[in-house]
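Chemist: Residues per chain, in single letters:
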Amino acid sequence: MLPFSFEWIWDPSHMVFHGGLWYALTVIGLGVTYCVIKAVLDISKGKDGNHH
Amino acid sequence: MDSALIPKGVKRCPIWQFLLWIGANGAVLAWGVFAMLLIYIKGLNQTNMNNAYGFALWIWADLAVIALGGGAFFTGFLRYIVGKGEIKNIINFAVLIGVICYTSALLILGFDVGQPLRGWFIFWHANVHSMLTEVAFCLSAYLIVLIIEYVPVVLENRQIDKIPFFHKLGHNMHEVMAVFAATGVFLSFFHQGSLGGVPGVLFGRPFGFREGVFIWPWTFFLFTWSAAAGGPCFTILITKLTEKITRKKLVKDNVIELLAKISGWMIFFYIIAKIADTLYWANVTAPSKGFTFMQFYSNNAGSLYGLWILILEIGICGVLPALILITDKGRKTQATLLLAVFLAVLGVGLNRWVMVLQVLAIPVLSFESWATYFPSWQEIATTLLPVAYGVIMISISFRYLPIFPQERELNPIDVPAAAAQVAEPETQTTDAGPEPELSPAES
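Residue numbers (my numbering), protein chains in the order written: chain A, 1 to 52; chain B, 53 to 495.
Do not rely on the hints blindly, as some may be mistaken.
If the Cβ cut is set under 10 Å, some of the chain A residues that face chain B in the computed set are [stated by the list, open to error]:
id	residue
1	S5
2	Y23
3	L25
4	I28
5	V40
To give a feel for the contact side, a few chain A residues facing chain B, derived at Cβ under 8 Å [said to hold, decoys possible]:
id	residue
6	M1
7	E7
8	W10
9	A24
Dumping the calculated DSBU-like pairs for lysine-lysine here, alpha-carbon to alpha-carbon at most 35 Å [unchecked claim]:
id	chain 1	residue 1	chain 2	residue 2
10	B	K381	B	K292
11	B	K381	A	K38
12	B	K313	B	K296
13	B	K60	A	K45
14	B	K60	B	K301
15	B	K140	B	K313
16	B	K60	B	K384
17	B	K136	B	K60
18	B	K136	B	K292
19	A	K38	B	K384
20	A	K38	B	K313
21	B	K292	B	K60
22	A	K45	B	K313
23	A	K45	B	K140
24	B	K341	B	K136
25	A	K38	B	K292
Keep in mind that the hints were calculated from the coordinates and are not lab data. Note that CB positions come from ideal geometry on N, CA and C, so glycine has one too.
Produce the complete structure using the sequences and hints provided.
Modeler: Okay, structure coming up:
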């Protein structure tokens, strides 16, 4: 549920529950995005280890 | 036939033997899938659940696999947060077990909700006053974390690792793994706890009801604690079982002993807390609700839920494994180590059974009698389905991925074979290049 949903109420329960979920999903999403982008940049710069 | 996929420097059984093993487990899996289809097509009338047992075998299996999968979050905590270096030699396997346990839990929940296509309702139309909402949020998010932790191991497969992008991706994921592990610990703490919180807040069920801190009953903390204590024991048990089946030593004794020691002390302090909780509940909480302690353990058919179950859970499967694992001799003797981890795993499973099934079996109104339940074959088959799935997942992962970093060192292959392997151009070692890099597990 997001704040623009008609069921949303600005109370501590909604903010704590959904805030925790969004926080976790944001950390996971940013972490994975960082890894993917860094891998692409490393490859484009030729930092592939040259071992293959 | 599949030798190009098998990790370097290790031996695996012939492909026909492997396929035979997978086929045998696949038959059990197929039986489970057949029962699953019956349940999806015909509905929950295929089960023996009733009004008294809305939570039955599936929920017990769910809680048990989630608790036993707790080895993944606790070893991740020890490795990445506490910094116990030796744990790196078993963490891949702990993560694999975690992935199996959590996917199994979600699979079983899919049967239990009856309408799996509406599974997303709990996220969008969430009841923010329910502990089970917290469980659903954290369980789903933690499964994503576990898959992220498992991906670098998959990327280390000999052929996949040859692709530069996947090689770099595996390294990058390993570099930030502490962030994922910390997120996993946060999520695990809350969903393990909330699963315990559910019986603890049932004020209409005095057998499960507990007092606590703020909104959290004591069972919230006891469930998290027991998962952290019992999960690593399950990891050790499955490791030993894998060693027995493969007839190889896969993890050094010092790693197992360290994990067993930490687990032993965790069980020791958990069981003290559990005994204190039981005494307070028996002497204060239950009497305040109008019940005597023995009312919960007597007059049931065949003493199915007699006092023996409490003695078994706390004494034999709690105190005994704790005492074995905290002693140096107990951990170093294979027989007692195996006995202790087996009892600890049994104890965690039994605790979940008591907190799900026994809570519902006990009559709470004067005109009620003990409720009985025996699962249908469809329930049993669908509960065995994840077991077969787990065996297949472990078998495939063990065959094609470097799950155990110490395997090569502990099981050196004979010199001529090793020399022949080095001579092959495709098996050049990774440190031959000008920029040597370690594999994620080694680094």
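Chemist: Under the criterion of a CB-CB separation shorter than 8 Å, is E7(A) in contact with chain B as hinted?
Modeler: The hint holds - E7(A) has a Cβ within 8 Å of chain B, the shortest such distance being about 6 Å.
Chemist: Need the status of pair K45(A), K140(B): alpha-carbon distance at most 35 Å?
Modeler: Holds - the C-alpha atoms of K140(B) and K45(A) are around 30 Å apart, at most 35 Å.
Chemist: Starting from K381(B), check that the Cα of K38(A) is at most 35 Å away, please.
Modeler: With a Cα-Cα distance of about 48 Å, the restraint between K381(B) and K38(A) is violated, given a limit of 35 Å.
Chemist: Would you check the hint for K292(B) and K60(B), treating anything up to 35 Å between C-alpha atoms as holding?
Modeler: 23 Å, holds
Chemist: Does the closest beta carbon of chain B sit nearer than 10 Å to the beta carbon of V40(A)?
Modeler: 7 Å, holds
Chemist: Given the hinted pair K60(B) and K301(B), is their Cα-Cα distance within 35 Å?
Modeler: Satisfied, since the Cα-Cα distance of roughly 17 Å is no more than 35 Å.
Chemist: Tell me if the interface restraint on Y23(A) is satisfied: Cβ within less than 10 Å of some Cβ in chain B.
Modeler: At 9 Å from the nearest chain B Cβ, Y23(A) passes the 10 Å test, so the hint holds.
Chemist: Taken at face value, is the distance from the CA of K292(B) to the CA of K136(B) at most 35 Å?
Modeler: 21 Å, holds
Chemist: Measuring from the C-beta of L25(A) to each C-beta in chain B, is the shortest one below 10 Å?
Modeler: With Cβ-Cβ at 6 Å, under 10 Å, it holds.
Chemist: Between K313(B) and K296(B), is the straight-line Cα distance small enough, at 35 Å or below?
Modeler: The given pair, whose Cα atoms are some 22 Å apart, holds under the 35 Å limit.
Chemist: K60(B) and K384(B) were given as a pair; does the straight-line alpha-carbon distance stay at or below 35 Å?
Modeler: 31 Å, holds
Chemist: For K136(B) and K60(B), compute the direct alpha-carbon distance and say whether it is at most 35 Å.
Modeler: Distance ~27 Å between K136(B) and K60(B) Cα, so the pair holds.
Comparing the model with each earlier hint shows violations of hints 8, 11, 19, 20, 22, 24, 25; every other hint is respected.
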